[in-house]
Amino acid sequence: MRHASWLSAADEEPFTEQMRDLCLQMIDVIGIESVVDVPQSSDAQLAGLRSRVVELINAPETTSQRRTEAYELLMSIHRLQQTEMDMALAKQLSSLSDIRDSIGELSALTPRELIYTVPQRVCHDLSLGRAMISTVSGSVWLPKHVHIEERTAGSAAFEQYMDGARIPLSDAPLETELLVRRRTPTLVPDPVSDKRTHKEIVGVAETRAYLAAPITLRNRTIAMLHADRPYHPDTLATDDLELLAAYAECLAVLFESARLQEQMARQVQRTADTCAEVIAALGKTGDTATLIPAEFGSPQPAARYADPGPVGMALTSREREVLAHLATGATNMQIARNLVVSEATVKSHLKQISRKLGTSSRAAAVAAYARMTQRSCGIA
Numbered sequence: 001m002r003h004a005s006w007l008s009a010a011d012e013e014p015f016t017e018q019m020r021d022l023c024l025q026m027i028d029v030i031g032i033e034s035v036v037d038v039p040q041s042s043d044a045q046l047a048g049l050r051s052r053v054v055e056l057i058n059a060p061e062t063t064s065q066r067r068t069e070a071y072e073l074l075m076s077i078h079r080l081q082q083t084e085m086d087m088a089l090a091k092q093l094s095s096l097s098d099i100r101d102s103i104g105e106l107s108a109l110t111p112r113e114l115i116y117t118v119p120q121r122v123c124h125d126l127s128l129g130r131a132m133i134s135t136v137s138g139s140v141w142l143p144k145h146v147h148i149e150e151r152t153a154g155s156a157a158f159e160q161y162m163d164g165a166r167i168p169l170s171d172a173p174l175e176t177e178l179l180v181r182r183r184t185p186t187l188v189p190d191p192v193s194d195k196r197t198h199k200e201i202v203g204v205a206e207t208r209a210y211l212a213a214p215i216t217l218r219n220r221t222i223a224m225l226h227a228d229r230p231y232h233p234d235t236l237a238t239d240d241l242e243l244l245a246a247y248a249e250c251l252a253v254l255f256e257s258a259r260l261q262e263q264m265a266r267q268v269q270r271t272a273d274t275c276a277e278v279i280a281a282l283g284k285t286g287d288t289a290t291l292i293p294a295e296f297g298s299p300q301p302a303a304r305y306a307d308p309g310p311v312g313m314a315l316t317s318r319e320r321e322v323l324a325h326l327a328t329g330a331t332n333m334q335i336a337r338n339l340v341v342s343e344a345t346v347k348s349h350l351k352q353i354s355r356k357l358g359t360s361s362r363a364a365a366v367a368a369y370a371r372m373t374q375r376s377c378g379i380a
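Going letter by letter, the sequence shown gives residues 1 to 380 in the numbering used here.
No lab work stands behind these hints, which were simulated from the structure alone. Note that the coordinates shown come from a computational prediction; the quantities given were computed from them, not determined experimentally. Even for Gly, the Cβ is constructed at its ideal location relative to N, Cα and C. Among the hints, a few may not be true.
[To be verified] Pair by pair, the computed Cβ-Cβ distance ranges are:
no. : residue 1 : residue 2 : range
1   : Q120      : A44       : 24 to 32 Å
2   : G164      : S193      : 22 to 30 Å
3   : L142      : T83       : 23 to 31 Å
4   : L260      : G138      : 18 to 26 Å
Using the sequences plus the hints, can you model the full thing?
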């Protein structure tokens with residue numbers, strides 16, 4: 001007799017023993033033929049046993065003694081169902097605590113590290129046998145990493161199939177409609193007969209039921225989580241789906257945070273590189289005393305709006321603004337966003353700046369800007 005795979009080792013033994021005793025009582029009261037075909041999952045099994053007991057109680061030919069025994073069985077089933085509900089609630093609370101702890105541990109990872117770590121943590125925290133994370137690029141589903149706890153004979157073939165796969169979303173209507181368009185998690189109880197599933201993946205994965213949840217950012221699905229229990233597909237339930245969905249929501253925040261941290265690190269590095277190039281350019285002219293802004297950010301107001309001096313007189317006010325942003329290490333796209341103009345307009349301004357200042361590189365233009373700032377501030 002098999003029961004829900006989410007039960008902990010401590011809970012499993014007494015629960016199994018109680019189920020065994022209940023079935024023995026059922027055999028004595030109803031007969032073995034009535035219990036051998038009950039469903040396999042514990043909740044469905046208890047519901048099936050309860051239905052048979054109720055049938056016995058309501059049958060006109062049931063004697064008074066057997067009806068009394070049946071009522072006692074019904075009370076035993078009720079108590080066991082309550083025990084199962086209590087354990088399910090405790091497990092769900094424990095899983096939520098595990099999710100919270102995992103999110104804290106994952107918060108320091110880069111997007112790439114998250115992709116290779118999340119499937120394993122999903123399996124561990126949610127008691128799942130297999131998990132996969134994928135990204136969505138346009139109309140293409142891109143599996144990124146698979147982690148398998150419950151390995152089967154076909155596990156290697158599944159991993160090989162998913163490695164580097166590019167799956168048109170048009171071939172997976174279920175993922176397209178529910179995860180990408182509607183951005184809603186789903187439990188697929190019978191992917192083999194469900195016409196919306198990707199049959200080639202279902203076949204190579206040998207999955208009989210699975211969970212799927214979108215990872216969304218600004219109302220757009222950027223990634224997907226898929227998970228199942230290869231050995232116990234019938235134990236997947238709405239509780240598992242709710243936990244996976246909660247995990248996916250937390251991951252959306254983590255991916256956004258990791259992406260912003262990477263962008264910030266690149267910006268800091270660009271600014272440092274620009275400063276190094278400017279210092280090198282100034283060193284060639286012997287003008288090493290020129291002031292370089294100490295902080296990464298917008299230039300000081302005095303530097304931006306003071307008299308530009310003879311060299312900068314030919315520059316327009318907008319060109320000086322562009323040059324000021326350039327000195328912070330900003331990219332053309334960032335300058336365009338800050339000035340609310342197109343990137344093409346920024347490029348045009350930079351060409352004019354280079355022509356007027358007689359410079360051939362961004363670093364040289366910034367060095368010229370630094371010298372202009374030096375003069376405007378009255379520094380010799």
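A quick look at each hint next to the structure:
no.	hint	in the structure
1	Q120 with A44: 24 to 32 Å	holds (30 Å)
2	G164 with S193: 22 to 30 Å	holds (29 Å)
3	L142 with T83: 23 to 31 Å	violated (44 Å)
4	L260 with G138: 18 to 26 Å	holds (23 Å)
Going down the numbered hints, you'll see the structure goes against just number 3.
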